[in-house]
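Start from the sequences, fold in the hints, and give me the full structure.
Protein sequences appear in the order of chains V and R.
Numbering follows my numbering, in which position 31 of the first sequence is assigned residue number 31; successive positions increment by one, without gaps.
Numbering follows my numbering, in which position 158 of the second sequence is assigned residue number 158; successive positions increment by one, without gaps.
It is possible that part of the hints are untrue.
As the list claims (entries may be wrong) - In silico lysine to aspartate or glutamate, DMTMM-like type, Cα no more than 20 Å apart, as pairs: (1) R:Lys-68 <-> V:Glu-157; (2) R:Lys-68 <-> V:Asp-160; (3) R:Lys-161 <-> R:Asp-130; (4) R:Lys-68 <-> V:Asp-158; (5) R:Lys-181 <-> V:Asp-156.
As the list claims (entries may be wrong) - Computed, partial: chain R to chain V, Cβ under 10 Å: (6) Asp-5; (7) Tyr-77; (8) Leu-131; (9) Gly-132; (10) Leu-180; (11) Lys-181; (12) Leu-188.
Stated by the list, open to error - Far from chain R, by Cβ distances over 12 Å, these chain V residues were calculated: (13) Ala-66; (14) Arg-131; (15) Glu-140.
To be clear, the hints were calculated from the coordinates, so they are not data collected in a lab.
Every residue, glycine too, gets a C-beta built ideally from N, C-alpha and C.
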Amino acid sequence: MSPADLVLFEEDFRRLQQVLRKLRVESDASVVLLVDKNGQRIASVGDVDALDMTALASLTAGNVAATDGLARVLGEREFSVLLHEGEKENIHVSIVARRVILVVIFSDRSSLGLVRLRVRQAAAELDVTFREVAERMEREPVLHSGIEPLLAEITDEDIDRLFSE
Amino acid sequence: MAFVDFASREIHCKIVYYGPGLGGKTKNLQVLHARTCPSRRGQLLSLATETERTLFFDFLPLDVGSLKGFRTRLHLYSVPGQVFYDAARRALLAGVDGIVFVADSQAARLPANVESIRNLEKNLRHAGYDLGTIPYVLQLNKRDLPSAMPAGELARHLSIKGEPTLEAAAATGAGVFETLKAIAREVLLDLRRRR
Chain V
1 MSPADLVLFE
11 EDFRRLQQVL
21 RKLRVESDAS
31 VVLLVDKNGQ
41 RIASVGDVDA
51 LDMTALASLT
61 AGNVAATDGL
71 ARVLGEREFS
81 VLLHEGEKEN
91 IHVSIVARRV
101 ILVVIFSDRS
111 SLGLVRLRVR
121 QAAAELDVTF
131 REVAERMERE
141 PVLHSGIEPL
151 LAEITDEDID
161 RLFSE
Chain R
1 MAFVDFASRE
11 IHCKIVYYGP
21 GLGGKTKNLQ
31 VLHARTCPSR
41 RGQLLSLATE
51 TERTLFFDFL
61 PLDVGSLKGF
71 RTRLHLYSVP
81 GQVFYDAARR
91 ALLAGVDGIV
101 FVADSQAARL
111 PANVESIRNL
121 EKNLRHAGYD
131 LGTIPYVLQL
141 NKRDLPSAMP
151 AGELARHLSI
161 KGEPTLEAAA
171 ATGAGVFETL
181 KAIAREVLLD
191 LRRRR
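Following this line, the structure appears as structure tokens:
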């Protein structure tokens, strides 16, 4: 397992969802989304069917990667918050636990001040969760091998069958 | 690193199309998008300049079927090929599971192919990967052009580790799906090996 790998158990996932749900209600947002820096969606709450969440996750990660590049040019470690203001919808993007991207989509029903405040509170909670996950992975690496039986059972025939459905 | 989501029973893999400018990376993705059933593909995103040169990346999510009851979803990215977009290429290699190198078969583009492979090796190292071990497929594109070098000779120049090498003409669609199947196979076999 590479150091960048992250293994979340169902319990972790539930805790993350809970924080996101609370953030969405308290900031009056339409969607709250957690994405890893590679563009993979981790969890999301809200009107997720109304938007192309895969595209949103990939573009957000690209956006953060470009902004990280800008930060390096200026000698900054990172720009931890990005804001995009539209006529009706706005996107607040922040980096949590140095590796995960928290995205809040909100309209003019809410306000930037409220979103900032609630994001700060949620980020602290997410930080704790991700720190605990990292500590557990270090302490009990064996526990994190749940994926192994699945991968061990993949046969050449299984792979050949892909694309043929 | 591939992402296995047990909650929704999905495996996600990130595959990056790399290669020199105007070599046909975006065209590969456009063909895959055009020839895949709409229920199996997401939107093709292209962050391109006004002259349709890739500026940051193209992105296409594809569902290629089920593996042990898990939907297998490939996230395909193509990088900008032009030399000065190196920062964008580096950014896209984060978390990559497999690389397709799209080589331009025209003899005049041989130096550009060689330089792009060197650049790939350097950028992979920067991102913590080794070109010698990462799943990798070489596509010899533009086989339909009269100025194309003989495939064997081109492969001798560009092959680095006996990787699967496929001939293609992305402009007509030839070899595009075969290339994707080859890299998907390499990525999944690598996942099994690394478990």
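Now for the hints, and whether the structure bears them out:
1. R:Lys-68 <-> V:Glu-157: 11 Å, holds
2. R:Lys-68 <-> V:Asp-160: Judged against 20 Å, a Cα distance of about 13 Å means the pair holds.
3. R:Lys-161 <-> R:Asp-130: 12 Å, holds
4. R:Lys-68 <-> V:Asp-158: 8 Å, holds
5. R:Lys-181 <-> V:Asp-156: At roughly 12 Å apart (the allowed maximum being 20 Å), V:Asp-156 and R:Lys-181 satisfy the hint.
6. Asp-5: Status holds, d = 9 Å.
7. Tyr-77: 8 Å, holds
8. Leu-131: Constraint on R:Leu-131 not satisfied, violated at 16 Å.
9. Gly-132: Because about 16 Å separates R:Gly-132 from the closest Cβ in chain V, which is outside the 10 Å limit, the hint is violated.
10. Leu-180: Interface hint status for R:Leu-180: holds (8 Å vs cutoff 10 Å).
11. Lys-181: Hint holds; R:Lys-181 Cβ to chain V Cβ min 6 Å, cut 10 Å.
12. Leu-188: 5 Å, holds
13. Ala-66: 7 Å, violated
14. Arg-131: For V:Arg-131, whose nearest Cβ neighbour in chain R is about 20 Å away, the distance exceeds 12 Å, so it holds.
15. Glu-140: Non-interface label stands for V:Glu-140: nearest chain R Cβ at 18 Å, farther than 12 Å.
Going down the numbered hints, you'll see the structure goes against 8, 9 and 13, while the others check out.
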